[in-house]
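Trainee: What follows is the residue order along each chain.
Protein chains: 2
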Amino acid sequence: MTETKANAPVGVFDSGLGGLTVVREIMRQLPEEDIVYFGDTARVPYGSKSKDTIIYFSRQIVHFLRTKDVKAIVVACNTASALALEEIKDEIDLPMIGVVKPGALAAAKATQTGKVGVIGTQATVSSGIYAKVLSEIDPKITVTGKACPLFVPMVEEQMMDHPVMMEMIDYYLSSLRQSEVDALVLGCTHYPLLRKQIHQYLGESITLVNPAYETAMGLKELLEEQGLRNTQKKQAAADLYVSDLPDRFKEFANSILPLDIDRVKMVNVEQY
Amino acid sequence: MTETKANAPVGVFDSGLGGLTVVREIMRQLPEEDIVYFGDTARVPYGSKSKDTIIYFSRQIVHFLRTKDVKAIVVACNTASALALEEIKDEIDLPMIGVVKPGALAAAKATQTGKVGVIGTQATVSSGIYAKVLSEIDPKITVTGKACPLFVPMVEEQMMDHPVMMEMIDYYLSSLRQSEVDALVLGCTHYPLLRKQIHQYLGESITLVNPAYETAMGLKELLEEQGLRNTQKKQAAADLYVSDLPDRFKEFANSILPLDIDRVKMVNVEQY
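Order-wise, the sequence lines are chains D and F. Counting with my numbering, you get residues 1 to 272 for the letters of the first sequence. Counting with my numbering, you get residues 1 to 272 for the letters of the second sequence.
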């Protein structure tokens, strides 16, 4: 690989803004890597849509990111990782990594009972991908999946500390409370914002797995394997694109990323 | 107007499936009119997106409906009626009607106190369109708007009869309870499914206005004015298109429309 390529940015995408939690983790673990991020805020959410549509949207985004000369692509969206990654990664000549495999590896490490829970969107949970990947890691692990479609809109309504939030957690997670599940994958980028409430409900003995950290470490390994690590020491940059509402996105980005974002650009991703 | 044109179908669109409640009302009031419906299930919801994006999506849908030779277009989505109708109706040579004006007219008739409430998506409520239209009808009417973003996902989760639903209604509507509002516009096609619960919470003395009936009557008037009423007596047909998940849509359509839907067709609306 040429040095030019190693100095190229990493492309990251998500259905909206949740994927910035993965960007934050990449910036912590790989501070010298530049990032180009795309959030599909015009078509969010993905989690209630079909596999074909998620593949179609993801393909357009990958085509867009390629125009930015990225050296690798991180699918920071659980739904797109679950439904589109396998399909698309063979179509392009760039290394791609999603959040599902890293999340599954972390859960397999964390569980003692061999019983792992997965919460996510309807599409992610219905895909059965975590069960498939976990059984490849360790065939003895059993997976209980539960789709929690209201968690994302409630987080976006900032209702995390409202009493109704705990009732909604009870609505979705009561069956997990009585189970032997001792590791729970937070299989949607919004869910780490409910970490405190979920721990309070399920007890401190359960390990909550946020795939963001493992994804950053997986990216590091992937770049090293392929000789693509950026070895130039400098201040990394993040270039952010969305398909709608750039100002709202900029505000959120500045609240969670460790660098100042001056501008978020709009792009009509349908054209890619 | 030619007879051919009068026999053409009426185009109806919505961000998803809620607009079928408007189709049902059109079928009741104008049983001889054929319908071509488009639901944008790949990009739903619209209510949390920008005006520009809602106009862009609506314009694509109008272009698609034109290819079906419709004689008029009903914007069955409150958000698109609030944000895109004014912009688009001057661009095409077809009569267009939305749900906002009919809803506002019904609310103006219903109120005695002159205080009208409007609930809807963030985009609809922020647009201030109901206040604008109502003040044109009667400058003495004052409007209290309240965005209720969680109502749609909760209805889609079938939580209407769950105790959490009443708490969410309290979360959004407690300020209306103490007000003099005596007519409340259900400014989103999903909300009529919460009619019973909202009445229970706000009391029977408030009139809940569902714009669907008034929209069908408004369409009738519009078609008559323009000599476009279908005078051929026959069994009307409905031709349904979506941008994603046609099977789920078909099931819903068969549960609410008064005729059998054999097939819902997929269309890539981005191409229009």
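In case anyone wonders, no lab produced these hints; they're calculated from the structure. Note that the structure is a prediction, hence the values are computed from the model and not measured. Some hints could be false.
Listed next, with one range per pair, are the computed distances between beta-carbon atoms [as the list claims (entries may be wrong)]:
1) D/Lys140 x F/Ser174: 26 to 34 Å
2) D/Glu180 x F/Ile256: 36 to 44 Å
3) F/Thr67 x D/Thr113: 25 to 33 Å
4) F/Met166 x D/Lys5: 52 to 60 Å
Heads up, the beta-carbon is just placed ideally off N, CA and C, and yes, glycines get one too.
Trainee: The structure should be examined with respect to each hint, and the outcome stated for every one.
Mentor: Hints versus structure:
{"no.": "1", "hint": "D/Lys140 x F/Ser174: 26 to 34 Å", "verdict": "violated (51 Å)"}
{"no.": "2", "hint": "D/Glu180 x F/Ile256: 36 to 44 Å", "verdict": "holds (43 Å)"}
{"no.": "3", "hint": "F/Thr67 x D/Thr113: 25 to 33 Å", "verdict": "violated (57 Å)"}
{"no.": "4", "hint": "F/Met166 x D/Lys5: 52 to 60 Å", "verdict": "holds (58 Å)"}
When held up to the earlier numbered hints, the structure conflicts with 1 and 3 and fits the remainder.
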